[in-house]
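K.L.:
Residues per chain are reported as follows:
2 protein chains.
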Amino acid sequence: MSQTLKIAVAGLGTVGAGTLKLLNAESALLKARCGRSVQVTAVSARDKSKDRGVSLDGLEFYDDAVEMASKADCDVVVELIGGSDGIAKQVVEAAIAAGRHVVTANKALLAVHGSGLARQAEEAGVTLAYEAAVAGGIPIIKAMREGLAGNSVTRIYGILNGTCNYILTRMREEGLEFTDVLEDAQSLGYAEVDPSTDIDGVDAAHKLAILASLAFGREVDFDSVHVEGISRISQMDIQFAEELGFRIKLLGIAAITDHGVEQRVHPCLVPADVPIAGVEDVFNAVVAESEYIDSLMLEGRGAGEGPTASAVVADIVDIARGLKIPTFAIPAVDLKSPEPAPMDRHYGAYYIRLMVIDRPGIFADVAAILRDHEVSMESVLQYGRSPDEVVPVVMTIHETEEARTVRVIEAIAKVDGIVEPPVMIRIENL
Amino acid sequence: MSQTLKIAVAGLGTVGAGTLKLLNAESALLKARCGRSVQVTAVSARDKSKDRGVSLDGLEFYDDAVEMASKADCDVVVELIGGSDGIAKQVVEAAIAAGRHVVTANKALLAVHGSGLARQAEEAGVTLAYEAAVAGGIPIIKAMREGLAGNSVTRIYGILNGTCNYILTRMREEGLEFTDVLEDAQSLGYAEVDPSTDIDGVDAAHKLAILASLAFGREVDFDSVHVEGISRISQMDIQFAEELGFRIKLLGIAAITDHGVEQRVHPCLVPADVPIAGVEDVFNAVVAESEYIDSLMLEGRGAGEGPTASAVVADIVDIARGLKIPTFAIPAVDLKSPEPAPMDRHYGAYYIRLMVIDRPGIFADVAAILRDHEVSMESVLQYGRSPDEVVPVVMTIHETEEARTVRVIEAIAKVDGIVEPPVMIRIENL
Numbered sequence: 001m002s003q004t005l006k007i008a009v010a011g012l013g014t015v016g017a018g019t020l021k022l023l024n025a026e027s028a029l030l031k032a033r034c035g036r037s038v039q040v041t042a043v044s045a046r047d048k049s050k051d052r053g054v055s056l057d058g059l060e061f062y063d064d065a066v067e068m069a070s071k072a073d074c075d076v077v078v079e080l081i082g083g084s085d086g087i088a089k090q091v092v093e094a095a096i097a098a099g100r101h102v103v104t105a106n107k108a109l110l111a112v113h114g115s116g117l118a119r120q121a122e123e124a125g126v127t128l129a130y131e132a133a134v135a136g137g138i139p140i141i142k143a144m145r146e147g148l149a150g151n152s153v154t155r156i157y158g159i160l161n162g163t164c165n166y167i168l169t170r171m172r173e174e175g176l177e178f179t180d181v182l183e184d185a186q187s188l189g190y191a192e193v194d195p196s197t198d199i200d201g202v203d204a205a206h207k208l209a210i211l212a213s214l215a216f217g218r219e220v221d222f223d224s225v226h227v228e229g230i231s232r233i234s235q236m237d238i239q240f241a242e243e244l245g246f247r248i249k250l251l252g253i254a255a256i257t258d259h260g261v262e263q264r265v266h267p268c269l270v271p272a273d274v275p276i277a278g279v280e281d282v283f284n285a286v287v288a289e290s291e292y293i294d295s296l297m298l299e300g301r302g303a304g305e306g307p308t309a310s311a312v313v314a315d316i317v318d319i320a321r322g323l324k325i326p327t328f329a330i331p332a333v334d335l336k337s338p339e340p341a342p343m344d345r346h347y348g349a350y351y352i353r354l355m356v357i358d359r360p361g362i363f364a365d366v367a368a369i370l371r372d373h374e375v376s377m378e379s380v381l382q383y384g385r386s387p388d389e390v391v392p393v394v395m396t397i398h399e400t401e402e403a404r405t406v407r408v409i410e411a412i413a414k415v416d417g418i419v420e421p422p423v424m425i426r427i428e429n430l
Numbered sequence: 001m002s003q004t005l006k007i008a009v010a011g012l013g014t015v016g017a018g019t020l021k022l023l024n025a026e027s028a029l030l031k032a033r034c035g036r037s038v039q040v041t042a043v044s045a046r047d048k049s050k051d052r053g054v055s056l057d058g059l060e061f062y063d064d065a066v067e068m069a070s071k072a073d074c075d076v077v078v079e080l081i082g083g084s085d086g087i088a089k090q091v092v093e094a095a096i097a098a099g100r101h102v103v104t105a106n107k108a109l110l111a112v113h114g115s116g117l118a119r120q121a122e123e124a125g126v127t128l129a130y131e132a133a134v135a136g137g138i139p140i141i142k143a144m145r146e147g148l149a150g151n152s153v154t155r156i157y158g159i160l161n162g163t164c165n166y167i168l169t170r171m172r173e174e175g176l177e178f179t180d181v182l183e184d185a186q187s188l189g190y191a192e193v194d195p196s197t198d199i200d201g202v203d204a205a206h207k208l209a210i211l212a213s214l215a216f217g218r219e220v221d222f223d224s225v226h227v228e229g230i231s232r233i234s235q236m237d238i239q240f241a242e243e244l245g246f247r248i249k250l251l252g253i254a255a256i257t258d259h260g261v262e263q264r265v266h267p268c269l270v271p272a273d274v275p276i277a278g279v280e281d282v283f284n285a286v287v288a289e290s291e292y293i294d295s296l297m298l299e300g301r302g303a304g305e306g307p308t309a310s311a312v313v314a315d316i317v318d319i320a321r322g323l324k325i326p327t328f329a330i331p332a333v334d335l336k337s338p339e340p341a342p343m344d345r346h347y348g349a350y351y352i353r354l355m356v357i358d359r360p361g362i363f364a365d366v367a368a369i370l371r372d373h374e375v376s377m378e379s380v381l382q383y384g385r386s387p388d389e390v391v392p393v394v395m396t397i398h399e400t401e402e403a404r405t406v407r408v409i410e411a412i413a414k415v416d417g418i419v420e421p422p423v424m425i426r427i428e429n430l
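Chains as they are written, first to last, in the working numbering: chain L, 1 to 430; chain U, 1 to 430.
Chain L on its own, in the form it takes in the complex:
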């Protein structure tokens, strides 16, 4: 194990440059911790000459990352290109085929092709490591795969997208609407120019699918994740949630239910006094639950140069130390098929906001619909009184099946005097 571990890095964006910087700055510490030197030997990027704040002197440079993955003098290929298909996938497959270990921060790739790539890597006897793909600087993959190795996790959930959490935090703290905060976040660099992957919940869904596979020993099943984003969340709902003792968070939640594996990403009302409700700004957090540990929460920075480079380097150190653990904690060929639970069968409580013309009788119609569907109301609040004007009416209903809630909302939407489509947000029992 005294031989130098040689690293080739594909992609020199923020995380790639950060990884080079960390490996340079901490080389003595890493040598002490690995029992051998870790050295970058090759890099690949679109533009060699761009100033990244780190020298590329003495490194082999490849224009073609796929060529680097198979030909460079290296033991490990670090894939930081991104995207579920295209070059990133080719780089990973070429590296595995050439017998190189792979470290990747690519959540989309793992979410879409994770089980297949894990099988390829395990057949080739190499490691496919992806700590940086989920929740950046939080070592949640290691915690799940090793730290909780004695546990059958029954539910795992988290704040998996820092951009969404930042927007929701500022909406709550400053009383702003979604679009205003989004624009500001874009100008500050906290949100992308095209923010859809973040705000539509897709990024969180990628991460959730990976966590669910690891937690439950099943093939990664991104296609079955129920995904809703945060763009429909209004200031009004944030304030009503707060009055009811909740905060609105975009959570990814995966759980074993009577109907299969539930995977969902959507805005939730969470009780204001549970730990994850206090996770604010760009911070991420993941909670795992099992019989033995009850619950474990990890909270930290989920993105950015330093946290993501830290995760990439942790995977490199594992490889340097000779760690060999199956990609998803059990051999990929033994991962069970996904068995997704239909969202219709989700069982939970709901917040429903109606915009109602303030006149007698309308709420009697709503109450009759609830009664006819055997749905039980927990609370109802009308905010303000303005005869013949439109006012918000908020109600929360006790736990019931999603399909039934959908039918109730469809029926309520048709009541004369309800002037907008009802807003529904799920209430989580955490």
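Bear in mind the hints are in silico, worked out from the structure with no lab data behind them.
There may be inaccurate statements among the hints.
If several chains are the same, the list does not tell them apart, and a pair holds so long as it fits within one copy or across any two.
[As the list claims (entries may be wrong)] Keeping only pairs whose Cα atoms sit at most 20 Å apart, straight-line, the calculated EDC-like set for lysine to aspartate or glutamate is:
(1) K31 x E219
(2) K31 x E122
(3) K21 x E289
(4) K31 x D334
(5) K48 x E67
(6) K324 x E399
(7) K48 x D258
(8) K21 x D294
(9) K336 x D258
(10) K50 x E177
(11) K50 x D258
(12) K6 x D258
(13) K50 x E183
(14) K71 x D344
(15) K324 x D334
(16) K31 x E291
(17) K21 x E291
(18) K414 x E122
(19) K48 x E420
(20) K48 x D73
(21) K21 x D416
(22) K324 x E305
(23) K50 x D180
(24) K6 x E174
Could you slot chain U onto chain L? The hints should help.
P.N.:
Then chain U, alone, in the frame of chain L:
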């Protein structure tokens, strides 16, 4: 790696019995995750016949745990006897001498003899694992040793004793005094009959010394930990802290300072809005800080049968998977000497409560003392007015050296009209 991993368990108290139950209940899962079976072959306890809710049929039983450690048919000895010396230490040394891996939950042993035992284990080529020794079900050892392997941690702190956190939480929530809650905690089994190890801060200090060694790559230095317990915390201070925007927590804090490695366990005022302030009841939490990740917090159950057994089994799984990492992340022979920072040189802010006879002029004397020592007051609050009666006066002072604060307090204590020794609690900048 397809051979069964054989386990001998020394000590069948709550955690020992819990470990046997977990290994039985999850044997299929563990086999899938380890790629081999894990099987208990031998146990040792004082009383063979005691009902522990788990069968000992088919297991070799030893009255003498040290004999078991050297003679039983096993690959791993799990030491769950406890205590820094005596039989526990003999068991661990015998196991290492016989070439067996060791898994222990023994924080006192590691805190006092950790560096020496690590050297012995590494010379013998066996693993000494201790995830269960710090913060129970929270995989903080793995997170530090591997998850943050690319980071130079600069500060690590946490709520490391569930009994103290439970007592402080109930004091705050219910307005009770320390002794009342302690008695109740004892009757509920949350505090020992002799609670001194917990409430005096010694248990937290054991854990802190282990974390500091791991974080900073230095020999374990329990003797240098500055330790204060929670028995002097009064309801009055809890209320004043809350009015000032703080909560009182017993923290263990280890940090690299200009004067060496600071290690201290004592009650602290922490800002009410930082994540660790919200960690309540018996929960533990640990926060690690470094340049790259900024900060990472892990929160969960720090004690009890299930969480501790989960940690013991995680270590067993690591061994079954062939993981080989030095005990304290770098080889024990390379651990640096401790270089403790003297507590006199601690630099921080302080809360000071005086009991003062309410008459003119006394506070002028106090203010003069502060001025003469060049200590700057941040706030001063007198609660209530009762001429010639004793009233509490609370002040907070800006960051200064501990030695100076001690001199100030000694001088204030001598002021005519100050009727009790001043109460000092450090304010943490988290």
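K.L.:
Take the hints in turn and mark each one as holding or not.
P.N.:
The hints, checked one at a time:
1. In this assembly of identical chains, the alpha carbons of K31 and E219 lie at most 20 Å apart only when taken from different copies (18 Å versus 36 Å within one copy).
2. Only between protomers do K31 and E122 lie at most 20 Å apart by alpha-carbon distance; the minimum there is 17 Å, versus 27 Å within a single protomer.
3. For the homomeric pair K21 and E289, the shortest alpha-carbon distance between copies (19 Å) is at most 20 Å, but the shortest distance inside one copy (36 Å) is not.
4. With identical chains, the CA atoms of K31 and D334 are at most 20 Å apart between copies only, with a shortest distance of 12 Å across copies and 35 Å within one.
5. Taking the shortest alpha-carbon separations for K48 and E67, only the intra-copy value of 16 Å comes in at or below 20 Å, while the best inter-copy value is 65 Å.
6. In this assembly of identical chains, K324 and E399 lie within 20 Å of each other by CA distance neither inside one copy nor across copies; the values are 44 Å within and 48 Å between.
7. In this assembly of identical chains, K48 and D258 lie within 20 Å of each other by CA distance neither inside one copy nor across copies; the values are 54 Å within and 41 Å between.
8. Only between protomers do K21 and D294 lie at most 20 Å apart by alpha-carbon distance; the minimum there is 16 Å, versus 39 Å within a single protomer.
9. For the identical chains of this complex, K336 and D258 are intra-copy neighbours only, at 17 Å inside a copy versus 54 Å across copies, given an alpha-carbon limit of 20 Å.
10. For the homomeric pair K50 and E177, neither the shortest alpha-carbon distance inside one copy (38 Å) nor that between copies (64 Å) is at most 20 Å.
11. In this assembly of identical chains, K50 and D258 lie within 20 Å of each other by CA distance neither inside one copy nor across copies; the values are 54 Å within and 38 Å between.
12. In this homomeric assembly, K6 and D258 never come within 20 Å of each other (Cα to Cα): the closest approach is 47 Å inside a single copy and 36 Å across copies.
13. Taking the closest pair of Cα atoms, K50 and E183 never come within 20 Å of each other, the shortest separation being 28 Å inside a single copy and 67 Å across copies.
14. With identical chains, the CA atoms of K71 and D344 are never at most 20 Å apart, being 50 Å at best within one copy and 59 Å at best between copies.
15. For a Cα distance limit of 20 Å, the shortest separation of K324 from D334 inside one copy, 17 Å, qualifies, whereas the shortest one across copies, 25 Å, does not.
16. Taking the closest pair of Cα atoms, K31 and E291 come within 20 Å of each other only across two copies (19 Å); inside a single copy the shortest separation is 39 Å, beyond that limit.
17. In this assembly of identical chains, the alpha carbons of K21 and E291 lie at most 20 Å apart only when taken from different copies (12 Å versus 41 Å within one copy).
18. For the homomeric pair K414 and E122, neither the shortest alpha-carbon distance inside one copy (55 Å) nor that between copies (73 Å) is at most 20 Å.
19. Proximity of K48 to E420 under the C-alpha cut-off of 20 Å is found in neither arrangement, the shortest distances being 54 Å within a copy and 71 Å between copies.
20. For the identical chains of this complex, K48 and D73 are intra-copy neighbours only, at 19 Å inside a copy versus 60 Å across copies, given an alpha-carbon limit of 20 Å.
21. For a Cα distance limit of 20 Å, the shortest separation of K21 from D416 qualifies neither inside one copy, at 63 Å, nor across copies, at 60 Å.
22. Taking CA atoms no more than 20 Å apart as the test, K324 paired with E305 passes in neither setting, with 27 Å inside one copy and 29 Å between copies.
23. In the homo-oligomer, the alpha carbons of K50 and D180 never lie at most 20 Å apart, since the shortest distance is 33 Å inside one protomer and 67 Å across protomers.
24. Within a single copy, K6 and E174 get their C-alpha atoms no closer than 49 Å, and across copies no closer than 59 Å, so neither meets the 20 Å cut-off.
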